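Asks: Chains as they are written, first to last, in this note's numbering: chain A, 51 to 320; chain B, -9 to 298.
Hint data in this document are derived by calculation from the structure and do not stem from the laboratory.
Nothing false has been slipped in among the hints.
Below 25 Å or equal to it, Euclidean Cα-Cα: the simulated DSS-like pairs (lysine-lysine) are:
hint, chain 1, residue 1, chain 2, residue 2
1, B, K4, A, K320
2, A, K320, B, K201
3, B, K119, B, K132
4, B, K4, A, K229
Please read all numbers here as calculations on a predicted model, not as lab measurements.
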Amino acid sequence: MNTGIDVPQIQRFGALYIASARLRSMSKWRTIIAAVDIGNPLFYLIAVGIGIGVLVEQGSGTSGTSGIKYIAFIAPALLANTAITGIMDETVFPTIEGFKWRKLFFAQNATPITGRQIALGVYLAALCRAIFSVSVYYLLLLAFNVVDFGVSVLIIPIAILGGAAFGAVILYFAAKIEKDDQFFNILGRLILMPMFLFSGTFFPLTSMPIYLQPIGWVSPLWHATELGREAAFDYGIGNTLVLIHLVVLLTLVVVGLNLSMRQFERRLAK
Amino acid sequence: MSKPLISVRGLTKKFGDFTAVDGIDFDVAKGESFGLLGPNGAGKSTTMRILAATSTRTSGTVEILDKDPELFGPLVRAHLGVVPQQDNLDNELTVSENLFIYGRYFGLSKKFIKNKIEELLEFAQLEEKRDVKVEALSGGMKRRLTIARGLVSEPDILLLDEPTTGLDPQARHILWDRLFRLKEQGVTLVLTTHFMDEAEQLCDRLVVMDKGAIMAEGSPAGLIKQYSSKEVLEVRFGSDRNKEVAPQLATMCERMETLPDRLLMYTEDGEALLEKITHAGMHATTSLVRRSSLEDVFLRLTGRTLIE
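Pulled out of the complex, with its shape left as it was, chain A reads as follows (with noise of 0.2 Å):
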């Protein structure tokens, strides 16, 4: 028997060991996500900002963006978005990857690792896959003068509790996974897309049909677009709705990773 074996040790630091192998396998892609999260931040803010921006204030000025240009507007929630597209990439593939594709979490159940260990390590690393593509979009909002430095940057960990709440739910599903044919489609087209169209990303909330607006209500982005625009301007949505936003997103981090880390467990010891 190997007497290095530390069990106890193991079970405190395995969902460390995990997020440090995935990391290890991010590094492989490193220049395609250096590319995309530079590039994405790039095309929307000159897009927006240079394009639809200049629309937008032509057509009602700053009224109806809380008196602030149209591309600092929306930000808040093109930063929140990142996180969540940042977080899922790096939740759903290696979780279909680990269980299906390539049975890795299989390989490292085999090991004293556990399934809750395993899901947890997924989660970590890709948050700190969402750190990385939120501060590079952070800088570049600095650079183009959208952000003031200051008490904005408090938009990076809102961004990323933003991410981290969706992250957490996503997990669970890809975990459910066992054809995954269409989910992939259906993740894309009917979720992310309606999440990023209806979470007052764009326009606020509420200048929408009150039968629109449950859609933001539940969806991650628009919780954490709020209080991002709260850090960033003068939004004026008041301490009870920061509380209830923050409150929202923290629920939503500790449900969803709990039953993640249950389903990875079930699924393993099947």
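Chain A is already provided as a structure; the job is to place chain B on it using the hints.
Replies: Just chain B now, with coordinates in the frame of chain A:
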């Protein structure tokens, strides 16, 4: 005799209405090389996943190193090396990275793993491939790497599920040689296979499984002695004639099995039997005298061949 490393009693695993493993008992002693032989679907892999402390059981008791794997999964797995039926290596990482991250899952120090990697690369004959991505390896190399990965923690027990399935004959022989070395070093091996030659080569003792149950247990030689004759005469008379001559031939040997393409006649002296048949005026199109194998044991026990 010292206490067995693995002790299984009445082990049953059901998936819904289907019983994959149906009340099996066996022990594995320290340093032993133990095999589960049976066709696909016999319940071997399910049994292995339970021994690997990853899958739950429906009933029965299992003790591995005196612990119930279902209650002490991580503790039990710390002592095991697992080689699954399908290689589940990380294709995006290199050969040495795969060994490194796997060692980290056992909480081993970086220094220990670095030294271990050298030893394992040599064992797996992959020194020149250390910085090559796994996806570029041949099937036999991947298999050897999976086995090396299972050894990174210096396990007390190595579990191998169908170690050579899908490999060409040369790759199989290299692998057998590597496994034989482990056996010589005193590593306890538990393996499943549906190849009788593999079982004969590697196992000190084995159980024959079919439909979730154990049909027989013993050493390869002991099982052959118990369930078959010393020699087998295989004769072919052509597919239509086989059936015609079968009743007459059956009276001439201890036991006979009629397969779709040939007749297997069990006897102590194959050449003498063949002469007797020819004397009786029957001329086989082809004939072959060979030693009895585990394949014959399986046929005797189940009425079916191992690979169908």
